[in-house]
Amino acid sequence: MTDVIATTGLTDARLAIGQTSAKAARGSKRGWLVALVFAGALAASWGPAEMGRWTYLFSDAGNMASYAKDFLKPDFKEWLSYLNEMLVTIQIALWGTFLAVLLSVPFGILSAHNMAPTWVVHPVRRLMDLFRAIHEIVFAVLFVVAVGLGPFAGVMALFVHTTGILAKLFSEAVEAIDPRPVEAIRTTGASRLQQVVFGVIPQVLPLWISFSLYRLESNIRSATVLGLIGAGGIGQILFESIRGFYYPQASAILIIVVATVTLMDILSQQLRKVVI
Amino acid sequence: MTEITPLALSVTNLSKRYGETRALNSVSLMLEQGEMVALIGASGSGKSTLIRHIAGLEIGDGDGGRVEILGAVSQAGGRMNREAARGRVAVIFQQFNLVGRLSVLTNVLIGHLGRVPRWRGTLGLFNAGEKTKAHTALTRVGIPQVAAQRASTLSGGQQQRAAIARTLVQEARILIADEPISALDPSAARRVMDLLADICREDGITVLVSLHQVEYARRYCRRTIAMRDGAIVYDGPSTALSNDFLAELYGAASEELVLPEAAPGNPPDPAAPLGAEPHKRQTVLATV
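As they're listed, the protein sequences go chains A and B. So for the first sequence, this note's numbering puts the first residue at 1; every next one is plus one. So for the second sequence, this note's numbering puts the first residue at 1; every next one is plus one.
Just chain B, with the same shape it has in the complex (with noise of 0.2 angstroms):
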């Protein structure tokens, strides 16, 4: 262990326009090493937007927000740096985001690409050590069986735990997944809800999950980062997110945010540590 262990990821006073939206207002966040973080929003609140960002799929307005990866920069003031940003964090979509025509095999072994020589990876000429790998990442997402298939084959459920499969290859230390439960029915959801968790926490990779619906971040994760309107209103431990609170953060949009069994005005969870009080963020009002 080195004497600082960098923060996995941090986010600093990220903002993104988009000609008169501001899709992202002034983001910060850091997330530890190793953590699990549920982040949860109304549609269009700027999930989405931040995490491709974070992936290095966007670039940020040139007024000096940056993101920092395990230490390094990865953006800042509306610049890229592609070196940082190529490949250091997988990320699952919530649509799957497979290449359908290609096999499941192929597409799991596509997450070598940022690593194994250019010339090699372009003509798709993976070792054996590489192919045993990805067969490896298949069968810890339990779907050994299709490696042959086309990908356009698989379920829903399936397809995402063939994208799991794919961030496992790549072997980066951050795994984000936007919205990745969202296309697919609960009990799909829950299994890949529990290969997120069991990754943070069997290869102590950091996750930022990106969710729809709370139950699951009260479910599976510490801490929740709630955001709203571009910016994060909230930040603190899952359990705090009574529906009451939501439905202050969010009004009207919280229905959206709330299983239709935990209607409002169910109890608070009584695992809910009595300190952890929940406090709202200042909204930073647009002064632009």
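Bound-form chain A, shown alone (with noise of 0.2 angstroms):
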């Protein structure tokens, strides 16, 4: 019996290794025709991308020397008013995941296939892809135009485009809960608005706050950025600074924002550890 069984399990393997050996011959060719595609457009991209100016790496190495002599010699005298800008890129970052946050719950629900009807569900997807598939930047140039130059823009932007990011991993962590003790609640006689808050938030909050902390950190490197646009915060200083020739002072403000994004990352390690 059990030698009948062995047997039976050799030719099994046998048959695996040749199935697999045939899968891998076709896997082969497939693979050579995927790099064939790949360094096609590499080659076509070439000219367009002036990947042919690479020899300025060297030939002007002198401009890189000098920029670098500058960057390695940061000037913190101002470190204040740096610190202070900083403070408010935080702050930009923080008001705008907030407000996403707050609306990515609704939203998120929305767009949950076990928590709404198709009809609903689909127009909001589709609501956040929009949101989703602006850069921030196109977002903050569109609100400076609104709301005029300064960190106010800046937060508008980090709402709508962060919205549409956690909203969707907000509903894919809807999407994977235990239906169950959602069902059990219902037949207390509950409502729909009932059964979200005390059958889904309780099994979704951990993920959520996942999420949320790390687009809190995401934000603070995207809010810098926007200060290239005139949307406040240490950006529009930084880009001042390079723009006018102050590399020393860029470099301080570029050490500085390095240094908060580092802590911000562990700080939020410890809040995750903290509340999950």
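A few of these clues could be false.
Label pairs and their calculated CB-CB ranges [as the list claims (entries may be wrong)]:
1. B:S182 <-> A:L193: 24 to 34 angstroms
2. B:T5 <-> A:L193: 52 to 62 angstroms
3. A:L193 <-> B:T136: 38 to 48 angstroms
4. A:F58 <-> B:R101: 23 to 33 angstroms
5. A:R180 <-> B:V73: 19 to 29 angstroms
6. B:S182 <-> A:L130: 45 to 55 angstroms
7. A:V261 <-> B:G19: 48 to 58 angstroms
8. A:R272 <-> B:Q149: 55 to 65 angstroms
9. A:E175 <-> B:A148: 28 to 38 angstroms
10. A:V258 <-> B:S182: 30 to 40 angstroms
11. B:S182 <-> A:A41: 28 to 38 angstroms
12. B:A148 <-> A:S191: 25 to 35 angstroms
13. A:R272 <-> B:R120: 55 to 65 angstroms
Hints were generated in silico from the structure; no laboratory data involved. Since this is a predicted model, take the numbers as computed values, not measurements. Positions of the beta carbon are idealized from the N, C-alpha and C atoms, including for glycine.
Two chains, each in its own frame: build the complex with the hints.
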């Protein structure tokens, strides 16, 4: 009896190996094709991307060296104002993320297939796609026109873009819940909203918090860049000092940005541990 | 007492099809108020489907089947009457279905949701009286000490008792349990069954409990309803369910329903009244 099983097992194994090698042969052919297409795309993009200019990296190395030399002596004389602007950047990110989390709760639930009917899910999802597809910078340019230069335009830009991202992540968490506790709550006569509050939210809360903290981190990075188009914060003075050839100052600002982002990363990890 | 006491539960010609499979095939049953009735059947026989229809979680086919709870129609002809269905039947599940990250007390308080004002329930603002009621329910099921713990930290038996406490708070007159003990060890299973029997006896609540093993049906319920292939094939005294009769009803699948120590061939229960000769209901064959 055992022998029979063993032999069948062996034949099965051999068969499996045979199939794998056949599959591997087919796989390698396809692999070559993919590599060929990829190489073709690279070749076609060489000209438009002006890759021919790579020699300048060496012929103009002197420029790079003087650039780097200035960057190597960071000038912290105005550190207080840098820290102030860094704080503004964090505050922009904080408000942008907070508003996004607030709106992502209803949008996330309305774009989950197990929570809302299809005729609601699809329009909400397309709206979120739109929010997500357009870069923060583009939203910031639009909001600068609408509400003027300054941090508020940055807040609004981060808010809209982040809502698109968080609503999608939130809805994926909602779609992965265990439906049975929700059903049990339904049998007590609870309303739809009560089923969500008591059955769905407790299940997804750890993930939601984790996603939100991660987006807060990324938004601090993004808020730095938003300064480029005049949406306030440390980015604005960074680009002003680069444009004015004040490289030692720019270097000091960059160091502050990197230190802050690292710090926020550590902080949010600790926070996540506490909450979950 | 009113002149006519309505039936606790009445199911009439209820059918349900999932694609090609007939999960329920013209099921009819009636429960008097205050009865404790067992629902047995092998896995896939339609017990859970029937319970989900009675609980208002599923809607039957639109061919005229109906479910009445305490005289009010909860669904008929494939249409749900939400007002009659909502919260009137308390349900206990095989996997307990508590919200693991909420405290045991909150899980029990959820039983109030069908009756407290909507806004208050949604915000979780339960008053002192409601909280006392929840604590009392937890004491009754024997686990008052775990009220503040997360539900996920409880053992299976404790979770099932917390689920029972939730149904006590719900104050429904009908309690339906879908395989409440099949995920529990024997001693926890006995405690849960004792509790259900106590709730039926003391509070006069009608209990319908689906069971995998017929031993418990014999021990706890005077009446048993047996299902096979989505239809009721027996409805009568539990004492008549000898192992031989089960083997006749279910064939090879009967092994699944009988505990190992009560293997086929045991003498039938001596307590069985002589007149209670089991009669097999004619299974209605699908004609469509």
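Okay, the hints, checked on the actual structure:
1. B:S182 <-> A:L193: 24 to 34 angstroms: holds, 33 angstroms
2. B:T5 <-> A:L193: 52 to 62 angstroms: violated, 36 angstroms
3. A:L193 <-> B:T136: 38 to 48 angstroms: Violated - the Cβ-Cβ distance for L193 of chain A and T136 of chain B, about 28 angstroms, lies outside 38 to 48 angstroms.
4. A:F58 <-> B:R101: 23 to 33 angstroms: violated, 59 angstroms
5. A:R180 <-> B:V73: 19 to 29 angstroms: Given range 19 to 29 angstroms: holds, Cβ gap about 27 angstroms.
6. B:S182 <-> A:L130: 45 to 55 angstroms: holds, 49 angstroms
7. A:V261 <-> B:G19: 48 to 58 angstroms: holds, 54 angstroms
8. A:R272 <-> B:Q149: 55 to 65 angstroms: violated, 23 angstroms
9. A:E175 <-> B:A148: 28 to 38 angstroms: Given range 28 to 38 angstroms: holds, Cβ gap about 31 angstroms.
10. A:V258 <-> B:S182: 30 to 40 angstroms: violated, 58 angstroms
11. B:S182 <-> A:A41: 28 to 38 angstroms: violated, 58 angstroms
12. B:A148 <-> A:S191: 25 to 35 angstroms: holds, 27 angstroms
13. A:R272 <-> B:R120: 55 to 65 angstroms: violated, 32 angstroms
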